[in-house]
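Colleague: If you read the protein sequences in the order shown, they are chains A and B.
Every letter in the first sequence is one number past the one before it in this note's numbering, and letter 386, counting from 1, is 386.
Every letter in the second sequence is one number past the one before it in this note's numbering, and letter 285, counting from 1, is 285.
If you are wondering where the hints come from, they were derived from the structure by calculation, not from laboratory data.
Incorrect hints may have been included.
Said to hold, decoys possible - In silico DSS-like cross-links for lysine-lysine, where the CA-CA straight-line distance does not exceed 25 Å:
| # | chain 1 | residue 1 | chain 2 | residue 2 |
| --- | --- | --- | --- | --- |
| 1 | B | Lys415 | B | Lys398 |
| 2 | B | Lys94 | B | Lys205 |
| 3 | B | Lys94 | A | Lys342 |
| 4 | A | Lys205 | A | Lys94 |
| 5 | A | Lys94 | B | Lys342 |
| 6 | A | Lys205 | A | Lys5 |
Claimed, not checked - Quick partial rundown of chain B residues pointing at chain A, CB under 8 Å, derived from the structure:
| # | residue |
| --- | --- |
| 7 | Arg64 |
| 8 | Glu68 |
| 9 | Glu121 |
| 10 | Gln127 |
| 11 | Gln131 |
| 12 | Glu279 |
| 13 | Gln340 |
| 14 | Lys342 |
| 15 | Ser351 |
| 16 | Ser352 |
Said to hold, decoys possible - What follows is a set of in silico ranges between Cβ atoms, one per label pair, in the way DEER data are often shown:
| # | chain 1 | residue 1 | chain 2 | residue 2 | range |
| --- | --- | --- | --- | --- | --- |
| 17 | B | Gly12 | A | Glu195 | 43 to 53 Å |
| 18 | A | Thr235 | B | Asp383 | 49 to 59 Å |
| 19 | B | Asp197 | A | Glu373 | 30 to 40 Å |
| 20 | B | Asn3 | A | Ala354 | 17 to 27 Å |
| 21 | B | Glu22 | A | Glu374 | 49 to 59 Å |
The C-beta atom is built at its ideal place from N, Cα and C for all residues, glycine as well.
There are 2 protein chains.
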Amino acid sequence: MSNVKVTTLSNGLRIAVDAMPEVESASLGIWVACGTRHESAELNGMAHMLEHMAFKGTKTRSARLIAEEIENVGGSLNAYTGREITAYHASVLKEDVGLGVEMVSDILRNSVFDPDELQRERGVILQEIGQALDTPDDLIFDQFQETALPGQPLGRPVLGTADSVETIGRDDLFAFLARHYTASNMVMSAAGRVEHDQIVELAEKHFGSVPRTPANAHIPEPINYIGGDSREIRTLEQAHLVMGCQGIGYRDPDYYATAIYSTLFGGGMSSRLFQRIREERGLVYGIHCFNAAYADGGLFGIYAGTGEDDLAELVPAVCEEFATVADTLTEQELIRARNQIKAGTLMALESSGARCEQAARHLLIHNRPIPYEEVVARIEAVDQAAVRRVALRLLKSKLTIAALGPIDDLESIEKIAARLAA
Amino acid sequence: MSNVKVTTLSNGLRIAVDAMPEVESASLGIWVACGTRHESAELNGMAHMLEHMAFKGTKTRSARLIAEEIENVGGSLNAYTGREITAYHASVLKEDVGLGVEMVSDILRNSVFDPDELQRERGVILQEIGQALDTPDDLIFDQFQETALPGQPLGRPVLGTADSVETIGRDDLFAFLARHYTASNMVMSAAGRVEHDQIVELAEKHFGSVPRTPANAHIPEPINYIGGDSREIRTLEQAHLVMGCQGIGYRDPDYYATAIYSTLFGGGMSSRLFQRIREERGLVYGIHCFNAAYADGGLFGIYAGTGEDDLAELVPAVCEEFATVADTLTEQELIRARNQIKAGTLMALESSGARCEQAARHLLIHNRPIPYEEVVARIEAVDQAAVRRVALRLLKSKLTIAALGPIDDLESIEKIAARLAA
Chain A
1 MSNVKVTTLS
11 NGLRIAVDAM
21 PEVESASLGI
31 WVACGTRHES
41 AELNGMAHML
51 EHMAFKGTKT
61 RSARLIAEEI
71 ENVGGSLNAY
81 TGREITAYHA
91 SVLKEDVGLG
101 VEMVSDILRN
111 SVFDPDELQR
121 ERGVILQEIG
131 QALDTPDDLI
141 FDQFQETALP
151 GQPLGRPVLG
161 TADSVETIGR
171 DDLFAFLARH
181 YTASNMVMSA
191 AGRVEHDQIV
201 ELAEKHFGSV
211 PRTPANAHIP
221 EPINYIGGDS
231 REIRTLEQAH
241 LVMGCQGIGY
251 RDPDYYATAI
261 YSTLFGGGMS
271 SRLFQRIREE
281 RGLVYGIHCF
291 NAAYADGGLF
301 GIYAGTGEDD
311 LAELVPAVCE
321 EFATVADTLT
331 EQELIRARNQ
341 IKAGTLMALE
351 SSGARCEQAA
361 RHLLIHNRPI
371 PYEEVVARIE
381 AVDQAAVRRV
391 ALRLLKSKLT
401 IAALGPIDDL
411 ESIEKIAARL
421 AA
Chain B
1 MSNVKVTTLS
11 NGLRIAVDAM
21 PEVESASLGI
31 WVACGTRHES
41 AELNGMAHML
51 EHMAFKGTKT
61 RSARLIAEEI
71 ENVGGSLNAY
81 TGREITAYHA
91 SVLKEDVGLG
101 VEMVSDILRN
111 SVFDPDELQR
121 ERGVILQEIG
131 QALDTPDDLI
141 FDQFQETALP
151 GQPLGRPVLG
161 TADSVETIGR
171 DDLFAFLARH
181 YTASNMVMSA
191 AGRVEHDQIV
201 ELAEKHFGSV
211 PRTPANAHIP
221 EPINYIGGDS
231 REIRTLEQAH
241 LVMGCQGIGY
251 RDPDYYATAI
261 YSTLFGGGMS
271 SRLFQRIREE
281 RGLVYGIHCF
291 NAAYADGGLF
301 GIYAGTGEDD
311 LAELVPAVCE
321 EFATVADTLT
331 EQELIRARNQ
341 IKAGTLMALE
351 SSGARCEQAA
361 RHLLIHNRPI
371 PYEEVVARIE
381 AVDQAAVRRV
391 ALRLLKSKLT
401 IAALGPIDDL
411 ESIEKIAARL
421 AA
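Chain A on its own, in the form it takes in the complex:
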């Protein structure tokens, strides 16, 4: 069972260690409370570009050497950028934990952002943007985010745009790094074949001199759900649709009830959306719902992809399901969703990567690790009334529609909203 130990260095850097003595390898990394929502409009994509440039050379290592040194020992070094969190993490065998920490430290603290490398990396990111634009069931989620949260950092795409990627310069990257990659803004996490004291010692050595963050330095613009309607007609086999509304944030008292709601409404193959839309009607291959949670709020959405001719049947069917959860919820569905979340949480404990990431996220979001027993207790505490409350909160929020593909016949947002109000 998970037993995360937390230590805070004198500069405020927090360290989470989840030892799994039974395995041969370890996952470790740095999670930074920084992402797309900390960017200006002009420099959209900066958090992501910084994450790319961290791999492009330090004072003592070329880009090639970074790749070679970690792969020489069969390890891997990876990173991702989200809207609130950026992560740099490594998977290594037990004897290479020290190298892993040192390399994560080197790319975060000693990167040089060579101008030629920067110019080439812009090209790579433009290719990444091109790939996302060519993948409808990727693109539709960015379109939804932007429509729900227009004109604000949290609504903008993680990758930025072709224009902003050209605009971001070397000095911008250094400024962003200095501002956000500070000690109390970062968490170091390690899980697997590691020991608490070993990791604390490595963290002290490699991150002990990172400057502390001024208190409340980086409170981003609060989420401001607006909602709206965005449609792009494109010649495709499928119409890709996200319909959604204001969701529920990490710190919301209804957060766990929302997890239950999402699971029973559109989580697995016994969920309402899967059973009613795919199994009973054969209208889709992929359908699910999601609650994208942030510190101060969230976005809830339902994704479906369907053929042009099936859109007219799909939309009323999905609306009917969304509109009726609160009134038709059964105790059996609630119990099943609880069991799905509890078992999923327990199974995730078998992976050092999942445990490392979970401990880091808990520290960043809740300032402490949440023990498995507490997750279970919170899930057990969700009752029908709480799920109903969530269902009604979602339903009462203003609708957002994002649609892409052969969608000429998609009915108006007013008509769809009226179906939900009925």
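Mind docking chain B on chain A? Use the hints.
Modeller: Relative to the frame of chain A, chain B by itself:
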């Protein structure tokens, strides 16, 4: 460390059990030596449709009950169809292992293929085909497969086509099931919190009466690499390109040398393709190579996605890398690739899902589990001469090109082949 025990039932069904007493859950399932290459052209997509229909109701369970019963206990039941293997597998907590085995057995042995369910499921599969057609970096691999292996079962898409999906009927499914889902054509595998005797007992109970397979009953049409050139102009941001050739099969003496070759040529971020094409030139976001291995041969390919304007630089650069591996290979690259494969194999041992699948595949392909120590020994035994031999085998094979997107300016296959011959 992995310690797979194998037992064979009197009907020929083989059972692999890999006990991991330290975990709380288990992965289990049935792997069948049957896939797209066992289909006729007219009924292309049948293996996949059968896999879908297995979830659509048995003599005692409706489709909904199948989904609900496994998710009631927080488990999951899933399946996938490949070109040679179809798998049905469950993840469950330790106390639900019996239920998991019983449900896999029920959907494989007692499915009723209700005609109304079949008609609806055709709709779902047509949506799945539509989604694949909308995803260029999915579609391009089917296009490559079909161009390399035209007019043969192994070249056809797993999902089938809109026409074939309409053609396949209920009787076809029953006949295919009776023909291929026989005892010596299947492997039961379980890993995680399971015990050998428990799994053998469950297998005997639920699969003990499955008929034996006549010897050599289902030898499919041998792979016949032809090669060719296939181009589809489409308005996209990126040109998606796979260039490749005859690859190396599972049972080929060069199989492990090919794994080393693929890793150092286009496996990780220190690989040649990643370093030279992405890092040094900034021409792509995604680039990698693959060796799709089958029982009697394989397909080797290099995937890259790039903007229309960069295609003219990309193609010669990739050709140069592909053409020069044999002459420029270093010992350091070989050592690194060995370490990557060894560490990856060791890390996979930490996942019950990976261990369950690996044991099943080893039994189907090699008729015995391959111990970790043997994988390591085989990887250690690969020397520079072996990797060079693979590099030259691949290079001497006739070229196949598949290209999709804004590819007007893509040079002729003759010109590309000449670059590789130079």
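Colleague: If you check each hint against the structure, which ones fail?
Modeller: 21
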